[in-house]
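Quick note on numbering: the sequence shown equals residues 1 to 401 in the working numbering.
Be aware that a few hints might be false.
[What the hints assert, rightly or not] With a Cα cut of at most 25 Å, we get these calculated BS3-like pairs of lysine-lysine: (1) Lys350 / Lys282; (2) Lys237 / Lys379; (3) Lys63 / Lys226; (4) Lys116 / Lys274; (5) Lys226 / Lys61; (6) Lys208 / Lys274; (7) Lys63 / Lys116; (8) Lys379 / Lys350.
[To be verified] Now the in silico label distances, taken between C-beta atoms and shown as ranges: (9) Ala54 / Pro361: 36 to 46 Å; (10) Arg82 / Gly321: 26 to 36 Å; (11) Arg157 / Gly321: 43 to 53 Å; (12) Gly78 / Tyr128: 24 to 34 Å; (13) Ser155 / Arg238: 47 to 57 Å; (14) Gly246 / Gly325: 42 to 52 Å; (15) Pro32 / Ile203: 12 to 22 Å; (16) Glu363 / Met80: 22 to 32 Å; (17) Gly245 / Leu58: 15 to 25 Å; (18) Ile243 / Met80: 34 to 44 Å; (19) Met80 / Leu42: 42 to 52 Å; (20) Asn296 / Thr356: 24 to 34 Å; (21) Arg82 / Thr30: 40 to 50 Å; (22) Ile203 / Tyr128: 42 to 52 Å.
No wet-lab data here; the hints were simulated from the structure.
Keep in mind the model is a prediction, meaning the values are calculated, not measured.
By construction, the Cβ of each residue, glycine as well, lies at the ideal position given by its N, Cα and C atoms.
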Amino acid sequence: MKEDWNHLINRNDNDNPVVPRLIYLDNAATTPTSPEVIEAMLPFYENRYGNPSATYDLGQKSKNAIEEVRELIADAIGAMPREIYFTAGGSESDNWALRGVAEGLGFRGNHIITSKIEHHAILRTCEYLEQNGYDITYLDVDEWGMVSLEQLRRSIRPDTILISVMAANNEMGTIQPITRIGAIARHYGIPFHTDAVQAFAQIPIQVKLQNIDMLSASAHKFRGPKGVGFLYVRENKRIPPLIHGGGQERHVRAGTENVPGIVGMGKAVELAMKSLQQRMTKESSLRDYLINQILNTIPDCRLNGSRNNRLPNNADFCFAGIEGGNLLVMLDADGICASAGSACSSGDAKPSHVLTAMGIPEELCRGAIRLTLNETITKEQIDFTVKKMAENISILRGEAS
Numbered sequence: 001m002k003e004d005w006n007h008l009i010n011r012n013d014n015d016n017p018v019v020p021r022l023i024y025l026d027n028a029a030t031t032p033t034s035p036e037v038i039e040a041m042l043p044f045y046e047n048r049y050g051n052p053s054a055t056y057d058l059g060q061k062s063k064n065a066i067e068e069v070r071e072l073i074a075d076a077i078g079a080m081p082r083e084i085y086f087t088a089g090g091s092e093s094d095n096w097a098l099r100g101v102a103e104g105l106g107f108r109g110n111h112i113i114t115s116k117i118e119h120h121a122i123l124r125t126c127e128y129l130e131q132n133g134y135d136i137t138y139l140d141v142d143e144w145g146m147v148s149l150e151q152l153r154r155s156i157r158p159d160t161i162l163i164s165v166m167a168a169n170n171e172m173g174t175i176q177p178i179t180r181i182g183a184i185a186r187h188y189g190i191p192f193h194t195d196a197v198q199a200f201a202q203i204p205i206q207v208k209l210q211n212i213d214m215l216s217a218s219a220h221k222f223r224g225p226k227g228v229g230f231l232y233v234r235e236n237k238r239i240p241p242l243i244h245g246g247g248q249e250r251h252v253r254a255g256t257e258n259v260p261g262i263v264g265m266g267k268a269v270e271l272a273m274k275s276l277q278q279r280m281t282k283e284s285s286l287r288d289y290l291i292n293q294i295l296n297t298i299p300d301c302r303l304n305g306s307r308n309n310r311l312p313n314n315a316d317f318c319f320a321g322i323e324g325g326n327l328l329v330m331l332d333a334d335g336i337c338a339s340a341g342s343a344c345s346s347g348d349a350k351p352s353h354v355l356t357a358m359g360i361p362e363e364l365c366r367g368a369i370r371l372t373l374n375e376t377i378t379k380e381q382i383d384f385t386v387k388k389m390a391e392n393i394s395i396l397r398g399e400a401s
């Protein structure tokens, strides 16, 4: 019997007679796969299982399904279908973009510009490139987590071959000025890549209008399946393969295509684009309600990132005098799923590199909690969450009687 994650199972509570057993507030880590997405994928597991490289009809049906998704994604970001390449997710796309440019344009120089608050898929790849002779400039951010366009301009050199700045931060949600960054990159003739894993399908993105040359995205961040994503590469910025083998993806990404995953991602993109403006409005309202409730209810807390220029579903805080990991355990016992920061580094004992780059003291960083909602969250759920957070933080601070 399948478990219905959307069904709210009631339980008794003196102050909240009807509350859900599970309140999922970690949508930046992953999202529940949409039922429509699962339905779209099933035929490609059951009876449309042909290899897209096969010439017979069963294989061609798989190939046609892939090409339909390629067109759908291209339309969503204002690109051409031949500029969309399917990958195993955001980390592969990020690796491919950076290492591909380094290999393909290494003859022009060895300097890359990124920011100090990038996802580890970018930062670890930059570390790898540094070990292989590349020079990386890591841009600072201000107290709101925003990169400096002036510092970006000053950092550009004759041997700069790539600028890579994320569209929106995965921890504190600040949206970067990627349109202006793209304009600067275009002025100097430097390719511009953006990690849009958190931003794609959450805010509007148009690659041509924003002068984006490469863009990474991952399906499971917008109710698609895990293990599939895409990399947009502007046609005149073709990069060498990261994975060698067969001739799939126009000979630049070898391996038999994940047809069910690609089809599921296509359905998720279709649904996300149809509801984008409505979701942005609703989630922004819920986000602001959540932020106000926490700031007005829990003392000695700090909202991280820009108050207004942030993702519609992101609310990230630091609470003084506690360890965020301890609070997460207590919230989990209350049926609330949250995060201490990036899901990809949740086991790291070090304070968040994003928050430390913003100048937040280490002891305060240790009390960081990220709450990322979706349009199905209710104000009643938010009220229950804030109530439990206040109670648990009081206990952790030794204030409870």
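The hints, checked one at a time:
1. With a C-alpha separation of about 34 Å, the suggested pairing of Lys350 with Lys282 is violated against the 25 Å cut-off.
2. Of the pairs offered as hints, the one joining Lys237 and Lys379 is violated, with about 46 Å between alpha carbons and a cut-off of 25 Å exceeded.
3. With a C-alpha separation of about 20 Å, the suggested pairing of Lys63 with Lys226 holds against the 25 Å cut-off.
4. Taking the CA atoms of Lys116 and Lys274, the gap is about 34 Å. The hint is violated against a cut of 25 Å.
5. For a cut-off of 25 Å, the pair hint linking Lys226 to Lys61 stands: about 23 Å separates their Cα positions.
6. Annotation: proposed proximity of Lys208 to Lys274 holds, straight-line Cα distance about 21 Å (limit 25 Å).
7. Distance restraint check for Lys63 and Lys116: the Cα-Cα separation of roughly 40 Å exceeds the 25 Å cut-off, and the hinted pair is therefore not satisfied.
8. Restraint check: the Cα-Cα separation between Lys379 and Lys350 comes to about 33 Å, which exceeds 25 Å; the hinted pair is violated.
9. Here the CB-CB span from Ala54 to Pro361 is close to 59 Å, at odds with the stated 36 to 46 Å.
10. Checked against the hint of 26 to 36 Å, the C-beta distance between Arg82 and Gly321 comes to roughly 55 Å, which is inconsistent with it.
11. Evaluation of the 43 to 53 Å hint for Arg157 and Gly321 yields a pass: the beta carbon distance comes to about 45 Å.
12. At roughly 31 Å, the beta-carbon separation of Gly78 and Tyr128 lies within the given 24 to 34 Å, and the hint holds.
13. Checked against the hint of 47 to 57 Å, the C-beta distance between Ser155 and Arg238 comes to roughly 26 Å, which is inconsistent with it.
14. The hint said 42 to 52 Å for the Cβ distance between Gly246 and Gly325, and at roughly 44 Å that hint holds.
15. Look at Pro32 against Ile203: about 20 Å separates their beta carbons, and that is inside 12 to 22 Å.
16. Restraint check, Glu363 to Met80: a C-beta distance of roughly 50 Å breaks the suggested window 22 to 32 Å.
17. Taking 15 to 25 Å as the suggested C-beta distance range, the pair Gly245 and Leu58 conforms, at roughly 22 Å.
18. A beta carbon spacing of about 23 Å between Ile243 and Met80 contradicts the range 34 to 44 Å that was offered as a hint.
19. Under the hint 42 to 52 Å, the C-beta atoms of Met80 and Leu42, about 30 Å apart, miss the expected range.
20. For Asn296 and Thr356, the hinted distance range of 24 to 34 Å is satisfied, since their beta carbons lie about 27 Å from each other.
21. With their beta carbons about 30 Å apart, Arg82 and Thr30 fall outside the hinted range of 40 to 50 Å.
22. Roughly 30 Å separates the CB atoms of Ile203 and Tyr128, a value that falls outside the hinted 42 to 52 Å.
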